[in-house]
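Line order of the protein sequences matches chains R and B.
For the first sequence, our numbering gives the first residue as 1, with consecutive numbering after it.
For the second sequence, our numbering gives the first residue as 1, with consecutive numbering after it.
Keep in mind that the hints were calculated from the coordinates and are not lab data.
Any given hint might turn out to be false.
[Claimed, not checked] As a list, the in silico DSS-like pairs of lysine-lysine whose alpha-carbon atoms are at most 27 angstroms apart:
1. B/Lys32 with B/Lys46
2. R/Lys21 with R/Lys114
3. R/Lys7 with R/Lys110
4. B/Lys35 with B/Lys61
5. B/Lys166 with R/Lys54
6. R/Lys54 with B/Lys414
7. R/Lys54 with R/Lys21
8. B/Lys32 with R/Lys85
9. B/Lys46 with R/Lys54
Note that the coordinates shown come from a computational prediction; the quantities given were computed from them, not determined experimentally.
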Amino acid sequence: MAVIVDKANTQGGITLADLVKLFKFDNHKWPDGRNVVLVMLEPSTSDVANAFEKIYHMQPDEVKALMSAHRSSVVFVNSEDQLLKSVESIPGAVALVDVYSITSRVNVLKVDGKLPLEQGYFLR
Amino acid sequence: MKHRILSLAFTVLVALPLFAHDDPTGMHITTKSPKAHLLFEQGMAKIEMLHVQAGLESLRKAVQADPHFALGHIMLNFFSDDPAEQVAERDQALASRQYAGPEEQMVIDWLVNASQAHWIPAIQAMNGALDRYPRDKHLAWLAGWWLAVAQNQSPRAVPLFERVIKIDPGFADAWNEAAYCYAKAGNIDKAFADIKHYAELIPNEANPQDSYAEISRMAGRFDDALEHYRMSLKIDPSFHESQLGLGDTYALMGDEPRARVEYAKAVAVGTPTQKVTWGLQSAASYVREGDFAGADAAYRQLALDAHARDLANLEAEAYRSMALYQKDPSAAADLLAKAEAVLHEPHNVPQVLLNEELASVWRSGVDRAVRDGDWNQAQALLQRLSDMAASNNDELIGFAYAGASGAIFLASGKFHEAISDFEGDPTNPVSMRGLFVAYEKSGQKDNAARLAASLASFNIPVIEQALVVPEFRKQRADAAGAHASTPF
């Protein structure tokens, strides 16, 4: 799974600890001051479910409750296509997506200095 | 009269559109040379019918006719099995990129990045091209091929082959490739249904019979495999892959002398790279029958042949293969050192191939060191693998690291950690055997049973299969026999 952001986001990389803060709404702002908007796909595939487990360390019901409590910072989508289009168009957006689905219309963040498919990447 | 001919020729050239567009579902092709264009179309048509060597010949003539033909260069880079040609054509494609159209440039960006293991920009370029040209059946086929064959991502390739079939149900190879993807996923019924359709589309071609045979072999239906390989050769005696398939099938059936006879026929007519690659499969037949002296002689000769042709990765593979079955630890260590030394010499071989082979050598070194109780060596090699994997996006290197790390955890009795690592090396029988043990030791009986069935039916004729699978089947049969004879 890749961590993707909109093209205007020039951050390049993030630590896992900071990524978890973003996904848990403990940090609402990017370094450039823009609001963080989480774009979420229903965890219908095992890859997405596994990624959520690694980030949240929570049961699916607990993740849903967390999302409900922060609705203004989350955009829910039904498909990968919608997810990519949302990240492209929403300033400050961040999402997880299958690495083989990424396009050049989004940026891929390194996590702890690693890109997807590199050894040691946290969602490999 | 001469002037008139020249004038006519000039008129024809300027009348050709810059982007020729033969087919609304095909790729725009940019070349100022009609001859290059025609040769390219012929070459790709042959490749899409899996007459790869004949197709490559046409592509080579195409780039001779137009040295700035970037798409021709990048397809040669992608489909050639000659490492030196791959490097040269990649460089030519980059140098000619400015002359290519936008779709071709995306294909060049994708395949050049992929050849350098820069996976993120490669995937972005591939998806960019697929988004922008959703009706291009050739592009979808190429992407499916890359995902299935180069990236081992069959489930992700299936929608692309299905896209091709939707655009053009007569695009024969899409049925073929989809069938392989289904077979790898264990959906044998769907695989055979697609192969049957493929054979009906092109009944006079050899490859459908070859594919039918290979999927039969994967399913353990060896007699059917032999029958269809022979049907393939009857249709086209020059379809050498079927000759190789006969060797592979006899090898897996345990008839090693017959396997070598069939392999020899294939090797005699193969390309220089094929001669060595197929020779390695033949050499493994000695390992299968326990004739290690015979295997040593065959592998040593192959190493010399590979050295003479500057096929460094294959030369190293010959030495690595020998190391796998040596009883004497120092002999194994010498061979692995030799393999590594070969890879560190200067060669005209893509670095990605050298790196992948080096990772395999180190991974085999870890297995060997664990087996010989040399923990310092095992840890030292694992560290090298870790460093290489950390600075490299190549999935095969990741597999090698995962398998090596799993072997160390397994030997240390850390079964959960071993499971996590071995699961990251899903297609190597050595790792599959380790994963089976780790599942059993950690009480995961269902997972162990599922994996045992998968390993016992593993019928891909690599050296690791020869060393692991027959022995594993025997142990399972012995265990089942002992269980059956246990009195109540």
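Each hint, compared with the structure:
About 22 angstroms separates the Cα atoms of B/Lys32 and B/Lys46, which keeps this hinted pair within 27 angstroms; it holds. As the CA atoms of R/Lys21 and R/Lys114 are separated by approximately 18 angstroms, the hinted pair is consistent with the 27 angstroms bound. Note on R/Lys7 and R/Lys110: the hinted pairing holds, with a Cα-Cα distance of about 14 angstroms set against a maximum of 27 angstroms. For a cut-off of 27 angstroms, the pair hint linking B/Lys35 to B/Lys61 stands: about 9 angstroms separates their Cα positions.
As the CA atoms of B/Lys166 and R/Lys54 are separated by approximately 38 angstroms, the hinted pair breaks the 27 angstroms bound. Restraint check for R/Lys54 and B/Lys414: satisfied, since their Cα atoms lie roughly 21 angstroms apart, inside the 27 angstroms limit. Only pairs whose Cα atoms come within 27 angstroms are accepted, and R/Lys54 paired with R/Lys21 is accepted, the gap being roughly 13 angstroms. For the given pair, B/Lys32 sits about 38 angstroms from R/Lys85 by alpha-carbon distance, which is inconsistent with the 27 angstroms threshold.
With a C-alpha separation of about 47 angstroms, the suggested pair B/Lys46 and R/Lys54 falls outside the 27 angstroms cut-off, and the hint is violated.
Consistency note: the structure conflicts with the earlier hints numbered 5, 8, 9.
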